[in-house]
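Asker: One-letter residues, chain by chain:
Number of protein chains: 2
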Amino acid sequence: MIIDCHGHYTTEPPKLHAFRDKQLAGLADKSRRPLTTNLGISDDEIRDSVQGAQLKLQKERGTDVTIFSPRAAGMAHHVGKEATSVEWTTICNDMVHRVCTLFPNNFVPVCQLPQSPGVQPKNCIAELERCVTQLGFVGCNLNPDPAGGYWCDPPLTDEWWFPLYEKMVELDVPAMVHVSSSCNPCFHGTGAHYLNGDTTAFMQFLTSDLFKRFPTLRFIIPHGGGAVPYHWGRYRGLAQDMKLPPLSEHLLKNVYFDTCVYHLPGIELLTRVIPVENILFASEMVGAVRGIDPETGHHFDDTRRYIDALPLSAEDKAKIFEGNARRVYPRLNAHLDRRAH
Amino acid sequence: MIIDCHGHYTTEPPKLHAFRDKQLAGLADKSRRPLTTNLGISDDEIRDSVQGAQLKLQKERGTDVTIFSPRAAGMAHHVGKEATSVEWTTICNDMVHRVCTLFPNNFVPVCQLPQSPGVQPKNCIAELERCVTQLGFVGCNLNPDPAGGYWCDPPLTDEWWFPLYEKMVELDVPAMVHVSSSCNPCFHGTGAHYLNGDTTAFMQFLTSDLFKRFPTLRFIIPHGGGAVPYHWGRYRGLAQDMKLPPLSEHLLKNVYFDTCVYHLPGIELLTRVIPVENILFASEMVGAVRGIDPETGHHFDDTRRYIDALPLSAEDKAKIFEGNARRVYPRLNAHLDRRAH
Numbered sequence: 001m002i003i004d005c006h007g008h009y010t011t012e013p014p015k016l017h018a019f020r021d022k023q024l025a026g027l028a029d030k031s032r033r034p035l036t037t038n039l040g041i042s043d044d045e046i047r048d049s050v051q052g053a054q055l056k057l058q059k060e061r062g063t064d065v066t067i068f069s070p071r072a073a074g075m076a077h078h079v080g081k082e083a084t085s086v087e088w089t090t091i092c093n094d095m096v097h098r099v100c101t102l103f104p105n106n107f108v109p110v111c112q113l114p115q116s117p118g119v120q121p122k123n124c125i126a127e128l129e130r131c132v133t134q135l136g137f138v139g140c141n142l143n144p145d146p147a148g149g150y151w152c153d154p155p156l157t158d159e160w161w162f163p164l165y166e167k168m169v170e171l172d173v174p175a176m177v178h179v180s181s182s183c184n185p186c187f188h189g190t191g192a193h194y195l196n197g198d199t200t201a202f203m204q205f206l207t208s209d210l211f212k213r214f215p216t217l218r219f220i221i222p223h224g225g226g227a228v229p230y231h232w233g234r235y236r237g238l239a240q241d242m243k244l245p246p247l248s249e250h251l252l253k254n255v256y257f258d259t260c261v262y263h264l265p266g267i268e269l270l271t272r273v274i275p276v277e278n279i280l281f282a283s284e285m286v287g288a289v290r291g292i293d294p295e296t297g298h299h300f301d302d303t304r305r306y307i308d309a310l311p312l313s314a315e316d317k318a319k320i321f322e323g324n325a326r327r328v329y330p331r332l333n334a335h336l337d338r339r340a341h
Numbered sequence: 342m343i344i345d346c347h348g349h350y351t352t353e354p355p356k357l358h359a360f361r362d363k364q365l366a367g368l369a370d371k372s373r374r375p376l377t378t379n380l381g382i383s384d385d386e387i388r389d390s391v392q393g394a395q396l397k398l399q400k401e402r403g404t405d406v407t408i409f410s411p412r413a414a415g416m417a418h419h420v421g422k423e424a425t426s427v428e429w430t431t432i433c434n435d436m437v438h439r440v441c442t443l444f445p446n447n448f449v450p451v452c453q454l455p456q457s458p459g460v461q462p463k464n465c466i467a468e469l470e471r472c473v474t475q476l477g478f479v480g481c482n483l484n485p486d487p488a489g490g491y492w493c494d495p496p497l498t499d500e501w502w503f504p505l506y507e508k509m510v511e512l513d514v515p516a517m518v519h520v521s522s523s524c525n526p527c528f529h530g531t532g533a534h535y536l537n538g539d540t541t542a543f544m545q546f547l548t549s550d551l552f553k554r555f556p557t558l559r560f561i562i563p564h565g566g567g568a569v570p571y572h573w574g575r576y577r578g579l580a581q582d583m584k585l586p587p588l589s590e591h592l593l594k595n596v597y598f599d600t601c602v603y604h605l606p607g608i609e610l611l612t613r614v615i616p617v618e619n620i621l622f623a624s625e626m627v628g629a630v631r632g633i634d635p636e637t638g639h640h641f642d643d644t645r646r647y648i649d650a651l652p653l654s655a656e657d658k659a660k661i662f663e664g665n666a667r668r669v670y671p672r673l674n675a676h677l678d679r680r681a682h
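Here the protein sequences come in this chain order: G and P. Counting from 1, one number per residue, gives the positions in the first sequence under our numbering. Counting from 342, one number per residue, gives the positions in the second sequence under our numbering.
FYI, nobody ran anything at the bench for these hints, they're computed from the structure. It is possible that some hints are incorrect.
What the hints assert, rightly or not - Heads up, incomplete: computed chain P residues facing chain G, CB under 8 angstroms, no partners named:
#1 Gln392
#2 Leu396
#3 Phe444
#4 Pro495
#5 Asn537
#6 Thr548
#7 Phe552
#8 Phe555
As the list claims (entries may be wrong) - Listed below are the simulated DSS-like cross-link pairs for lysine-lysine, each with C-alpha atoms no more than 27 angstroms apart in a straight line:
#9 P/Lys594 / P/Lys553
#10 G/Lys167 / G/Lys122
#11 P/Lys584 / G/Lys56
#12 G/Lys212 / G/Lys167
#13 G/Lys122 / G/Lys15
#14 P/Lys397 / G/Lys243
For every residue, glycine included, the Cβ atom is placed at its ideal position computed from N, Cα and C.
With the hints as constraints, model all of the structure from the sequences given.
Answerer: Structure representation (C-alpha cells):
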C-alpha cells in the first residue's frame with residue numbers, strides 16, 4: 001500500500017472561497033459578514049472537486065491513500081483575530097471531513113488548528129479534540145509562525161506550546177509542522193517561507209530537550225525537511241559542538257521527514273543521509289508545483305517515481321510508502337483496516 | 342590555486358570585542374563610550390590571531406588564498422542606530438584590511454556594509470567605495486535582513502537597494518548575500534537564520550527581473566545556497582509554472598553558490614544539479630562548525646576533501662577552486678598577480 005502523508009484540499013468548491021471573502025469583508029464592514037456558516041455545498045460539488053484532481057492523480061500514479069488536510073496557505077492564521085481563525089478552521093476541517101467521508105478509501109483526515117498570533121496554543125485543544133475524537137482525524141498541522149512571516153510567537157520548544165503537546169500525546173496524534181501563507185514581502189510562500197519554516201523548526205528541536213519532556217511526541221517536517229538533509233553534516237557538527245547526543249538519539253525518535261522533494265537527486269540525498277525509518281512518502285499534490293518536468297516528462301510532484309528509482313530494498317521502500325506512516329499516525333490503522341474490509 | 346571565497350575574521354583580538362562592548366554600553370550610558378576608535382591593536386596581535394587558526398588551516402588543508410571579511414554574526418546591523426553601524430563597520434573593515442596587508446599572499450579583503458534597519462542602502466555607498474578604491478577590497482557582504490530575523494526591510498529586488506547595486510556594477514564587485522546574527526528567538530543563527538537568508542534571497546531573485554535591469558550584477562549565495570540545490574526541482578517547477586525562462590538563463594549568469602556544505606552527499610548533490618560554472622569553493626573556516634566528523638575523521642568544514650572526492654574533470658575542479666572566483670570577483674586578479682611575483 002502507498003500512503004501519501006501530505007495532501008491538502010487545494011481544489012475546494014468556489015463556495016468555500018466565497019464564504020471566506022464574506023468572512024474577511026465582515027472584518028471591515030460587519031454588514032457584509034456571512035449570515036450562516038452553512039456553505040450550501042452539496043456532496044456532488046465535493047465529489048467533483050477531487051474527482052478530476054487528487055483522485056485522478058492517485059489512480060494515475062498508483063498511490064492508495066492520502067492523509068488529507070485543509071489548504072496550508074489557506075489557513076492564514078495571521079488574518080483577522082482569534083475568532084476569525086476559530087470559525088474558519090472549523091469550516092475547513094468540516095470540509096475535509098466531508099471529503100474523507102465520501103471517499104473513505106482514498107482520504108484520511110488531518111486538521112488545521114485555530115491558531116492566531118499571540119494567542120496561547122492551548123486554545124487549539126478543543127478543536128483538535130473535536131476532530132480526533134468525534135470526526136476520526138489522525139493528526140494536525142501545526143503552524144510554527146502564526147504571524148505569517150514575522151515570527152513573533154515563541155519557538156516550538158517553549159512551554160507556550162506544551163498544553164497542546166500534552167493533548168497530542170494523550171490522543172496519540174502527530175503534527176506536521178507547516179507554515180501558512182506569508183504576508184511578509186521578503187518571503188515567497190512555497191519557494192521560501194515553507195522551506196524556512198521547516199529548517200527553523202528542526203533547529204528549534206535540535207537546541208532543546210523537548211523530547212526528554214515529551215518522549216512520545218512526534219513531528220513530521222514536510223518538504224523533505226527544508227534545508228536540513230542537504231546540510232546534515234552541518235547539523236551533526238553543530239550538535240557535536242554543543243555536546244549534544246548524536247542526532248539519531250537526540251531527535252530521530254520524534255522527528256520525521258516527508259518526501260516532497262521534486263527531483264531525483266534531492267530524494268537520493270534524503271534517503272542517503274536520513275534513516276529510512278524517518279522518511280514518510282508524500283507528494284503534496286495538488287500543490288506548489290503543478291507542471292511537468294521537461295527533463296523527465298513527468299510531473300515534478302510525482303514523487304513516487306523517485307522512490308521507485310532508488311536502490312533500496314523492497315522492505316525499506318515499504319517502510320517509506322506505508323510502515324512509517326502507520327507508526328507515526330497510529331490512528332491511521334483503524335481507517336486502513338476499515339478500508340480493507 | 343585554491344581560492345576559498347568565504348572566510349570571516351572570527352578570531353579577532355580581544356581588544357576589538359572590548360571596544361564593541363564599550364561602544365554598545367555607550368548606547369545606554371554615554372559616559373561609557375570609548376574615547377577613541379584607535380583600538381591599540383599591534384601588528385603582532387593581528388598576526389597571532391590568524392597564525393594558529395586560518396593560516397594554519399590553510400596550510401594543513403592545502404588551500405592558498407581566502408577571500409576574507411569581518412565576522413558575519415558580528416555585523417549585528419540590528420543593534421544600535423545607523424551611526425553605531427557606521428562606526429563599527431569602519432573599524433571591522435579596517436581590521437580586515439590590516440590582516441590582508443600583513444598576509445597579502447593568504448587573504449584578500451571583502452567588506453561588511455554599514456547597514457541599519459529602515460535606513461536606505463544607498464547610505465552604504467561611501468564605505469563600499471572607500472574599501473574598494475582606497476583599500477583594495479574585492480567585494481562586499483550584503484545583509485538581506487538588517488533587522489536580524491524580523492525581515493522588516495524590502496526584499497533585495499526592491500528599488501530600495503538599486504543605488505547600491507549601481508555602485509557595485511560601477512566598481513565591478515559582487516556581493517555575498519549574508520545575514521548576520523539573529524535577535525529573533527525563533528531562529529538559531531548558523532543553524533536556521535543563515536540558511537533561511539540564503540533560500541529567501543534566491544527566491545527573491547527568482548521572482549524578479551532584477552538581472553534584466555542589472556545584467557552584470559553578481560551575487561554569491563553562501564552555505565551551498567541554503568535549501569536551494571536540494572530543492573532544485575521545486576525551483577525549476579515554480580519558475581516554469583510562472584512562465585519564467587529556464588533558471589540557467591533567468592538567474593545563473595548572476596547568481597553563484599559556494600561550497601559551505603559540510604558533508605560529501607551534500608556537495609555531490611550541489612555539483613550534480615548546479616552547473617560547475619556557478620559553484621565557488623569555500624569553507625567558512627574558522628566558522629559555524631569546528632569539530633571533526635567522526636564518520637570521516639576530518640573536520641566537517643574541510644570542504645576541499647569533498648571536492649577532491651568528486652568524479653569531476655580536473656578542468657571542472659579548477660573552475661570551482663579558482664576560475665569562477667576570478668570571474669565573479671574580477672578585482673581579485675590584481676591581488677593574485679601581485680602574489681605571483
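Asker: Hint by hint, note whether the structure agrees.
Answerer: Now for the hints, and whether the structure bears them out:
no., hint, in the structure
1, Gln392, "violated (23 angstroms)"
2, Leu396, "violated (22 angstroms)"
3, Phe444, "violated (27 angstroms)"
4, Pro495, "holds (7 angstroms)"
5, Asn537, "holds (4 angstroms)"
6, Thr548, "holds (6 angstroms)"
7, Phe552, "violated (17 angstroms)"
8, Phe555, "violated (19 angstroms)"
9, P/Lys594 / P/Lys553, "holds (11 angstroms)"
10, G/Lys167 / G/Lys122, "holds (9 angstroms)"
11, P/Lys584 / G/Lys56, "holds (25 angstroms)"
12, G/Lys212 / G/Lys167, "holds (17 angstroms)"
13, G/Lys122 / G/Lys15, "violated (31 angstroms)"
14, P/Lys397 / G/Lys243, "holds (25 angstroms)"
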